[in-house]
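Enquirer: This is what each chain is made of:
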Amino acid sequence: MLKKKLEALGHPTPSDVAMSNRKEFASTVLWLEDQKIRLYTIEDRESLRNLDNITIWEEGYKKYCIDLNMPKLGTQLEQLTWMLGHAIRLEFLDDPAQYESINAHQENTSKGNNVQNSQQKIPTILHGMINVQDKEFITGVRSLATKLNIPYHPNHLLQLEAAARIVHERMAAAVKSRKAISGTPFPFDKGNDIVSGNDPTLDYPMRILRLLQIQSLRQLQTSINETIVSVQNLTANPKTDTKLGKVGR
Amino acid sequence: MVVRSYEDELKYLEKINDHCWRIKKGFQPNMNVEGVFYVNSRLERLMLEELKNSCRPGAIGGFLPGVKQIANVAALPGIVGRSIGLPDIHSGYGFAIGNMAAFDIDDPLSVVSPGGVGFDINCGVRLLRTNLFEKDVQPVKEQLAQSLFDHIPVGVGSKGIIPMNARDLEEALEMGMDWSLREGYVWAEDKEHCEEYGRMLNADPAKVSMRAKKRGLPQLGTLGAGNHYAEIQVVDEIFDKWSASKMGIEEKGQVVVMIHSGSRGFGHQVATDALVQMEKAMKRDKIETNDRQLACARINSVEGQDYLKAMAAAANFAWVNRSSMTFLTRQAFAKMFNTTPDDLDMHVIYDVSHNIAKVENHIVDGKERKLLVHRKGSTRAFPPHHPLIPVDYQLTGQPVLVGGTMGTCSYVLTGTERGMQETFGSTCHGAGRALSRAKSRRNLDYKEVLDKLEQIGIAIRIASPKLVMEEAPEAYKDVTDVVDTCHAAGISKKCIKLRPIAVIKG
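Chains L and C are the protein sequences, given in the same order. Per UniProt numbering, residue 1 is the first one in the first sequence, and the count goes up by one each step. Per UniProt numbering, residue 1 is the first one in the second sequence, and the count goes up by one each step.
Don't read these hints as lab results, they were simulated from the structure. Every residue gets a Cβ at the ideal spot worked out from N, C-alpha and C, and that includes glycine. Careful: at least some of the hints might be erroneous.
[As the list claims (entries may be wrong)] Some chain C residues near chain L, calculated using beta-carbon distances under 7 Å:
1) P153
2) G155
3) G157
4) K159
5) I161
6) I162
7) A166
8) R182
9) E192
10) P387
11) V391
12) L395
[Claimed, not checked] Simulated pairs of lysine-lysine, DSS-like, Cα-Cα distance not exceeding 25 Å:
13) C:K213 x L:K243
14) C:K159 x L:K243
15) C:K214 x L:K243
16) C:K213 x L:K239
17) L:K62 x L:K5
18) L:K23 x L:K72
19) C:K252 x C:K286
20) C:K335 x L:K246
21) C:K213 x L:K246
22) L:K239 x C:K135
23) L:K72 x L:K176
24) L:K246 x C:K214
25) C:K135 x C:K241
26) L:K246 x C:K286
27) L:K63 x L:K176
28) C:K452 x C:K466
29) L:K239 x C:K52
30) C:K213 x C:K283
31) L:K246 x C:K452
32) C:K52 x C:K24
33) C:K452 x C:K135
34) L:K239 x C:K335
35) L:K243 x C:K447
36) C:K207 x C:K283
37) L:K246 x C:K141
[Stated by the list, open to error] Label-pair ranges, simulated between beta-carbon atoms:
38) C:N361 x L:P12: 41 to 49 Å
39) C:P465 x L:A174: 52 to 60 Å
40) L:V175 x C:K159: 46 to 54 Å
Just chain C, with the same shape it has in the complex (with noise of 0.2 Å):
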């Protein structure tokens, strides 16, 4: 590896607008096309500190920073476009979380690499709209929240209160959510307002190991442990009025249901099983990259499609887990207000993956190309018009669902032409981690920060509460600056701002 000093690596880096950077090829070896990344002036301070953190002497392991990350991205091959980091971005496994890049399937060079969909595979956002306003769930919201908590169970090694057996399994992970919708566990139109309809079709469960099965069977309608929650929001600012119109939510004050989890310890188990895999193929084929945590194999060698067909069981779980979730969640507000979900209006608004590899059609120097498109802790977000988003979004492009942190806010934007063109259709993610785990546990207490949340009003059920510093506000991002930052660059647009008021997580 190249050892420069900071002054030096900032020559590679060229700030071409107010929110985008290009990292000009050579600042890490063999880079195929050049990276970019979208900031604006506060999330640039924390982006360049980070690369300076790592230019000292003698600052050697860890996570490297997210912007040699992004360039090593560049450096694989195949890659086509640009390695793009959107403004959430920071260090992870290989690919950095808020990376996405693209590799041209026509290519035979071409690879596919679990380091750039993350452990947790199709991790990702439902939202659901009801008709009830702030005053109404305000006087039951300790009540709504216990009942969401003995619903839902939460946590690291909890169990799921839907019974499933091996048959059911495997089942669900070939079907995704059309097994939901056979067993009577959603609604019809909840597959319609679902990126890929729930259902990814390349899933093979006979290409899962025994153990990710094992690990999966009793997790399935859990929440999980780590950033994963569910939240009971209120929609405080609407800046696109039609399109909120579009999508049921008509005026502030409006309570909806945010869940955000993935594919539990079933996703972390096919990752895992693959990176063995890939690292004996990228042997085999001679594949060589800058990181090891980059392990990664030909698309179409047998390790490669054997980890696409096993990926897309694992999201195809992870679907079937939001849609037990989101069975559960109705019914508890259906209880706690003696009606039914029905009249509750209690519709899928949503449901985002941003821990997903797909396969898409863009349009690469005027011509269309199919393309693997990597996205780790990075959504999708497709234009008005776009044959792959509902028809009931057709005119106002794809909804992006961006959660925000335990306390804050979250938002929900929709896709544009200009992100299309520039980001092959995605956007950010979340926050995005500004410390460390281990450091926000050692910096903040949790009796601090579950204060500061009865303070402000937010009705809270944890599962464990000694790692509840992991999740501060103070850890991450500021959402808001992401979010305005994606806004200004153009690659999505700001729609609907929500405030949680209860909140459940693991």
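Chain L on its own, in the form it takes in the complex (with noise of 0.2 Å):
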């Protein structure tokens, strides 16, 4: 994903970066200043330009961030992916007319698809009660997140969504008495199932989307049985009679 936004940016070289490394992190962070947010004025790029004094360059990053409203995050991948999203937006801000013919509704509507986004979804979740646009519904939501240790996502609706499915899938006292799943993990990286072959960067995301419809899936399933279960223990009464055997030749 890292290396498709970095294309779409006209990077020079999207495969070769390499993240471990905190100098090519920096030359990155300094190319996208450069070429595509212009925060700065030229001059005050300056402290970003020491690539080779590490120590002056982390300062001056600090203070870009900030500048930045670069909300908290984590890991440096998470802040690179931050920026890339920022770098993005400007881009297409610059001329949206450009991208008109490509848009998000019209690419549902013609595949048939009709997605309720989560925008809809949890204002009828809360009755209208509160305005999810509420600044102080938002903090809550964003350290809601930070405690939870969601990643940043510019939609908190969907962090919300997110906290949602960790509190009860991992927190709820139904699932604290639930016993722990036993046996050996299948990889799932190792299954019989081809993904699509023409982008082996797709084949990870891929994989995990399956998985999670497979878990859907899964439950929904779990959940016919219970009812077979219950409707059984009412209508079931298995009889066998010896008498009526009789052993062929």
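Two independent chains are provided; combine them into the complex using the hints.
Expert: This is the structure:
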């Protein structure tokens, strides 16, 4: 995904950005500011240019993050992802008309999907009692997300959904009494399934999406089984009568 | 019919690769599509020898050779793709056993043929796992075999021990495994691990003759005769560790139970009744086939629809039958080990049908089409992520249960993407006969066959020992050859090999 975003921004060597290296990271940040974000004037970028003296650069970077209004993010990967997103947004806002023909709503309707997005879903759950765009509400969601270690997302409602899931699956009272899953875990990248071979970068995310789909199918199937069992409690009465049996020839 | 020399016949056959032959148009008259069959070098020799023998002057009567039958099926109206012969193919009524063919439902001329399903409708294999190991079962295997034999009546004319009246049967025919669930004979999870969830929704008991119901009623919960059996097996080899673990098979030596049975006299009567109706329909609709045994009717005709509804009822009968035997097997094991089936972890791994016609969607020439897929002696083998396979097998592909011959070995395979593209998601079903029943009775001695089984340490309980030669391993192709061919051709993937330690059969 990182590579895709770098490609979209026209980075000269999108596949060679090594995230393990702080210096590499620093030069990518500089490239982004120089070419795309342009938050500072050229003179103000001086501290960010000190790639060889990493301590001065770190000072400058700290200030830069604050000036960019970047939320508090843990890893440098998250920070870079956020900056790339920010840069792409700026690029888009430079000339929105250019992208008018590419439109998520149209993409969805043309494929026949009717995606109910979280913006609509959450207010319905809350019966419209809370203004979900209220500043206080947003801050609350953001701090809840930080507590639960949920990665940053520009849409706080998506974060709220993620929080709900974590609470439901990891922290609810019923979960705590549940038996731990035993058996050997199935390595999901070693299955017999083939993921679209054209683009290896899509392989991993596609496998994750498929796993999520399988998980929700499993939940559905389990609740079907539970329903069958509760009906069986009323109807089941298996009988055998050995007198009826007859062995043939 | 065209008469040609063996050399001339060979001109119509072309070896595409090590495991696959093409049958060109013209091999038999009016072929709409080409034929294809999968073999390895040993099976290839059997296949061509059969053809050669039929080319000898004066060789008339009996069954047509398998290759000819594949080609005759390719001449049926509405067939799409290719007429496909699996490695275990051998001559049968109309269609060879081990032949699959798909017909376009949207083509008004397409047909359904009872010969493409077989007389034992929804004959199939079910595999139950246990958490026992060979060392737990070896000391008591004789008692266990006896206990199974006492619980599950076998043989021609056997009667089941689950009390049923005519109304129960009507309901069972309509509901399939849902009936077994309602009555409490099986577990909710069993349904999930069964092809079609153990119920064909289009079943209509009103389309089934009184005679079929009378034959079927006392036979529910019986194994039957012929090649049907229940075996206690142990895991002999694991080829695909991850897929096996998804099926609850962790180690060599684990004990499983395989049940191979079908719809007994009920399905046979349904097929016989339909053939009579179809001959009339063929005359009326002027349908011509190369072989009288390929009686068929248009899918959308009254006869075609009636057959499909009655066949679905017979399929439901077979699922109830296998479910009843699942119940009885669990009881037998629970009694023997003084515990509950739950504690023995006796879950159904899967249940496959290898004699059935079903409506499925497939991609043909890049377009999705609705097809009526006939599988006779052929098992469905859908790839990973197919919507019609259970959620537990979404990553592995559908388990395919291949029962071997008495006393040899059986296999569990998984479905592959390649099989989906090449064979409409189908693969082999068993060993496949090499000698006819009559021939094996003449050539083999039943005492020798039984002695041999005893020597390799297999406990056996049998209703009619004098017919055991028909099912001797010598009468069949080598199941390992069959399975290896499917694996090498890529139409399914080897997962587990099983070896029997106790057999009960008719």
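Enquirer: Confirm or reject each hint.
Expert: Cross-check of the supplied hints:
no., hint, in the structure
1, P153, "5 Å, holds"
2, G155, "3 Å, holds"
3, G157, "4 Å, holds"
4, K159, "4 Å, holds"
5, I161, "4 Å, holds"
6, I162, "6 Å, holds"
7, A166, "15 Å, violated"
8, R182, "5 Å, holds"
9, E192, "6 Å, holds"
10, P387, "9 Å, violated"
11, V391, "4 Å, holds"
12, L395, "4 Å, holds"
13, C:K213 x L:K243, "22 Å, holds"
14, C:K159 x L:K243, "10 Å, holds"
15, C:K214 x L:K243, "20 Å, holds"
16, C:K213 x L:K239, "21 Å, holds"
17, L:K62 x L:K5, "23 Å, holds"
18, L:K23 x L:K72, "21 Å, holds"
19, C:K252 x C:K286, "57 Å, violated"
20, C:K335 x L:K246, "21 Å, holds"
21, C:K213 x L:K246, "19 Å, holds"
22, L:K239 x C:K135, "32 Å, violated"
23, L:K72 x L:K176, "31 Å, violated"
24, L:K246 x C:K214, "17 Å, holds"
25, C:K135 x C:K241, "22 Å, holds"
26, L:K246 x C:K286, "47 Å, violated"
27, L:K63 x L:K176, "43 Å, violated"
28, C:K452 x C:K466, "15 Å, holds"
29, L:K239 x C:K52, "55 Å, violated"
30, C:K213 x C:K283, "28 Å, violated"
31, L:K246 x C:K452, "28 Å, violated"
32, C:K52 x C:K24, "17 Å, holds"
33, C:K452 x C:K135, "22 Å, holds"
34, L:K239 x C:K335, "16 Å, holds"
35, L:K243 x C:K447, "31 Å, violated"
36, C:K207 x C:K283, "22 Å, holds"
37, L:K246 x C:K141, "23 Å, holds"
38, C:N361 x L:P12: 41 to 49 Å, "47 Å, holds"
39, C:P465 x L:A174: 52 to 60 Å, "57 Å, holds"
40, L:V175 x C:K159: 46 to 54 Å, "50 Å, holds"
The structure fails to meet hints 7, 10, 19, 22, 23, 26, 27, 29, 30, 31, 35 from the earlier list, while all remaining hints are met.
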